[in-house]
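Participant: The opening residue of the sequence shown carries number 1 in full-length UniProt numbering; numbering runs sequentially from there.
If you're looking for bench data, these hints aren't it; they were derived computationally from the structure.
Hints are supplied without guarantee of correctness; some may be wrong.
Subject to a maximum C-alpha distance of 25 Å in a straight line, what follows is the list of computed DSS-like cross-link-like pairs (lysine-lysine) [stated by the list, open to error]:
no.	residue 1	residue 2
1	27	15
2	44	28
3	51	27
4	141	44
5	147	174
6	27	44
7	5	27
8	129	27
9	15	5
10	51	28
11	52	27
12	5	18
13	129	173
14	173	147
15	129	28
16	173	141
17	44	5
18	147	129
19	15	52
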Amino acid sequence: MKPFKEYDIQFVGLKLGKHHFDYQIDKKFFEDFGYDEFNDANVKVNLLFEKKATLLELDFEASGTVNVNCDTTNEPYDQTIDDDFNLVVNFGDEYNDEDENILIIPHGEFELNVAQYIYELIILAMPIKRIHPGIEDGTLKSEILTKLEELSPKDIEEKEESEEIDPRWNTLKKLLTDK
């Protein structure tokens, strides 16, 4: 059995007009794609599928949370997902997905699998750098953060300023200010 069979939409039997599809995405969905960077996932995807005489319009909306590890502290946290994506499906002589918002499928096709589009929508909604919200507001206390603050460059600069400066450098600094 195909793992993404429930994401097949058989549009041949649908009437012209708008149709709604709801999908609940969990960790197993990403495991089926071989993607293991999420600890857990709870994302709801609403799909507004509009069938017209010559084309199909798909409007995806994803909202929910994905549990990931912070890039700085490796602490797990829930990252909010809220994104949308529009896709136009047209019919042509051969399959073509070169344009990210337009899909051309052969005239004889009768169904469309939307699993890949849902996967990409959620993955691309993730920030490039994943930072625990506790780091930004200062509420997260962890050994890693303490060690990072201890080894941060500002401490090194303070130590250098406190050390005695060679008096020859002071003479050279005067050259810069004498202009």
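Participant: Give a verdict on every hint.
Facilitator: Hints, one by one, checked against the model:
1. 27 to 15: Violated, at roughly 33 Å.
2. 44 to 28: Holds: residue 44 and residue 28 sit about 14 Å apart, inside 25 Å.
3. 51 to 27: violated, 31 Å
4. 141 to 44: violated, 31 Å
5. 147 to 174: violated, 39 Å
6. 27 to 44: Roughly 12 Å between the alpha carbons, so the hint for residue 27 and residue 44 holds.
7. 5 to 27: Satisfied, since the Cα-Cα distance of roughly 17 Å is no more than 25 Å.
8. 129 to 27: Roughly 21 Å separates the two Cα atoms, so the pair holds.
9. 15 to 5: holds, 21 Å
10. 51 to 28: Outside the cut-off at roughly 30 Å; violated.
11. 52 to 27: violated, 34 Å
12. 5 to 18: holds, 22 Å
13. 129 to 173: violated, 40 Å
14. 173 to 147: violated, 35 Å
15. 129 to 28: This hinted pair holds, its Cα atoms lying about 24 Å apart.
16. 173 to 141: violated, 42 Å
17. 44 to 5: holds, 18 Å
18. 147 to 129: Status holds; Cα separation ~20 Å.
19. 15 to 52: holds, 9 Å
Against the hints set out earlier in the document, violations occur for numbers 1, 3, 4, 5, 10, 11, 13, 14, 16.
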